[in-house]
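S.K.: Note that this note's numbering has the sequence shown beginning at 87, numbered continuously upward.
Calculated directly from the structure, the hints in this document are not laboratory data.
Take these hints with a grain of salt, some might be off.
Taking lysine-lysine and the DSSO-like style, the derived pairs with C-alpha atoms no more than 30 Å apart in a straight line are [as the list claims (entries may be wrong)]:
#: 1; residue 1: K124; residue 2: K242
#: 2; residue 1: K113; residue 2: K124
#: 3; residue 1: K126; residue 2: K97
#: 4; residue 1: K113; residue 2: K97
#: 5; residue 1: K97; residue 2: K242
#: 6; residue 1: K251; residue 2: K126
#: 7; residue 1: K97; residue 2: K251
#: 8; residue 1: K113; residue 2: K126
#: 9; residue 1: K206; residue 2: K126
#: 10; residue 1: K251; residue 2: K113
#: 11; residue 1: K206; residue 2: K299
#: 12; residue 1: K242; residue 2: K113
#: 13; residue 1: K97; residue 2: K124
#: 14; residue 1: K299; residue 2: K242
#: 15; residue 1: K251; residue 2: K299
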Amino acid sequence: MCQSVHNVELKNVQNRETFHYPVVLLKGVLAEPCCDGKLKLATVSGRASLSFSVAIEQSEQHVGGKKQQEACRQFRALLRLLPGENEYEVQYCSARISITLTYTAPDTLYTVVPLYIVCKGHTGRYQSDESQNDSEHACRKITLATELLQCLYAEKLHEHGFGRKTFTLRSSCQPFHSELDWERAATMTEDELWHTFAAELVRSRRYDVERVKVVAFLSSTHFTGIADGDFSYDNIRRRTTGHAALGGGGLALFGTGCLYTWPSLLETVCGAFLSQRPVDCARLLDDSNYRRTPVHQALEMPHTIETSVATQSSTSTTTPVRFYSR
Numbered sequence: 087m088c089q090s091v092h093n094v095e096l097k098n099v100q101n102r103e104t105f106h107y108p109v110v111l112l113k114g115v116l117a118e119p120c121c122d123g124k125l126k127l128a129t130v131s132g133r134a135s136l137s138f139s140v141a142i143e144q145s146e147q148h149v150g151g152k153k154q155q156e157a158c159r160q161f162r163a164l165l166r167l168l169p170g171e172n173e174y175e176v177q178y179c180s181a182r183i184s185i186t187l188t189y190t191a192p193d194t195l196y197t198v199v200p201l202y203i204v205c206k207g208h209t210g211r212y213q214s215d216e217s218q219n220d221s222e223h224a225c226r227k228i229t230l231a232t233e234l235l236q237c238l239y240a241e242k243l244h245e246h247g248f249g250r251k252t253f254t255l256r257s258s259c260q261p262f263h264s265e266l267d268w269e270r271a272a273t274m275t276e277d278e279l280w281h282t283f284a285a286e287l288v289r290s291r292r293y294d295v296e297r298v299k300v301v302a303f304l305s306s307t308h309f310t311g312i313a314d315g316d317f318s319y320d321n322i323r324r325r326t327t328g329h330a331a332l333g334g335g336g337l338a339l340f341g342t343g344c345l346y347t348w349p350s351l352l353e354t355v356c357g358a359f360l361s362q363r364p365v366d367c368a369r370l371l372d373d374s375n376y377r378r379t380p381v382h383q384a385l386e387m388p389h390t391i392e393t394s395v396a397t398q399s400s401t402s403t404t405t406p407v408r409f410y411s412r
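Construct the complete structure from the given sequences, taking the supplied hints into account.
M.R.: Okay, here's the thing in C-alpha cells:
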C-alpha cells in the first residue's frame with residue numbers, strides 16, 4: 087500500500103438512497119490517484135460477494151515533456167445491488183468510504199419482458215466467433231443489456247430533474263420457441279417478421295398485452311460475410327438475413343447479428359466497452375453505420391463512411407471501442 091493520501095468522493099448518489107432497479111451507476115472522483123491503485127466495492131459486513139464493473143479515467147498531463155498523473159480522476163462503477171438495505175464500501179488503496187443503498191423491487195403490473203426467439207428447426211445459437219453462443223448465453227447477454235438500459239433511463243431522467251424513473255423488468259430473458267420455420271424467417275423482411283411474431287405472442291396468451299411490452303431478439307440472424315471489399319451498409323444488409331430493428335405497439339424486435347460483442351456478465355461490461363480487440367468485419371456483422379468508434383461518440387456522429395475509425399483516430403483522444411450496440 088502506498089503512502090499517498092487518497093480521497094474518494096461519490097457525485098451522483100446520496101447516502102440511504104432507494105433504487106427500484108438492480109444495476110446502478112456510481113460516478114465519482116479520485117483525489118491523488120496512484121499508479122497501482124484499484125477501485126473495488128464490497129459490503130461492509132463482508133458476508134456477500136458483489137458484482138461490479140469499474141472504469142477509471144486514464145487522463146495524463148504532460149509537463150516538461152514528461153507524463154504526470156493528474157491530481158483528480160473521474161471514475162464510473164456499475165454495481166448490482168443486493169435486495170434490501172445494505173451498507174457498501176468503496177475502496178481505493180488506503181481510502182475507504184461507506185454508503186447505504188436500498189434496493190426494493192417496484193410494485194407494478196406494467197412491465198417489460200425480454201425474449202429470445204428461436205424459430206422452428208433452429209439450434210438457438212446466435213452467430214459468433216466464440217463457441218459459447220447458445221440460448222443460455224444469449225439470454226444472459228440480453229438480460230444484462232436490458233438492466234443496463236434500465237439504469238441508463240433512470241440516470242438520464244435524474245440528470246434532467248425527473249428522478250430515477252425507469253421501466254420494470256418482469257423477469258430475466260427467456261427463450262420463446264416460435265412455430266415459424268427458421269428457413270422461412272430468413273426470407274422475410276423485418277416488417278413481416280414483426281407482424282408474424284406479434285401475432286404469435288398474442289395467440290400464445292402468455293402475457294397481458296395491455297400491460298406488458300416485449301423486447302425480442304431473433305436467434306437466427308445470419309451474416310454471410312463479405313469477400314469483395316464492399317462494406318457499404320446496403321451490401322451488409324443484402325448479406326444479412328433474419329435481421330430486424332423495428333418496434334411498435336407491444337413489441338420491439340431486434341436481430342442478433344451483433345450479439346457476439348455484448349458482455350454477458352456485469353463484471354465484464356467496462357472491459358467490453360474499452361476492448362481494442364479488432365472485429366473481422368468480413369465474417370461478422372458490423373451494424374455500427376461505419377463508425378467503429380466508441381458508443382458515446384456515435385451519438386454525435388453522422389452516418390457516413392468518413393467517420394470511420396481511421397478518420398477519428400487522428401483527432402479523437404478516446405480509445406476505439408468494438409462494442410457495437412443497438
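S.K.: All hints, please: hold or fail.
M.R.: Structure-based check of all given hints:
{"no.": "1", "hint": "K124 <-> K242", "verdict": "holds (27 Å)"}
{"no.": "2", "hint": "K113 <-> K124", "verdict": "holds (15 Å)"}
{"no.": "3", "hint": "K126 <-> K97", "verdict": "holds (17 Å)"}
{"no.": "4", "hint": "K113 <-> K97", "verdict": "holds (6 Å)"}
{"no.": "5", "hint": "K97 <-> K242", "verdict": "holds (15 Å)"}
{"no.": "6", "hint": "K251 <-> K126", "verdict": "holds (27 Å)"}
{"no.": "7", "hint": "K97 <-> K251", "verdict": "holds (19 Å)"}
{"no.": "8", "hint": "K113 <-> K126", "verdict": "holds (13 Å)"}
{"no.": "9", "hint": "K206 <-> K126", "verdict": "violated (45 Å)"}
{"no.": "10", "hint": "K251 <-> K113", "verdict": "holds (18 Å)"}
{"no.": "11", "hint": "K206 <-> K299", "verdict": "holds (23 Å)"}
{"no.": "12", "hint": "K242 <-> K113", "verdict": "holds (13 Å)"}
{"no.": "13", "hint": "K97 <-> K124", "verdict": "holds (19 Å)"}
{"no.": "14", "hint": "K299 <-> K242", "verdict": "holds (21 Å)"}
{"no.": "15", "hint": "K251 <-> K299", "verdict": "holds (17 Å)"}
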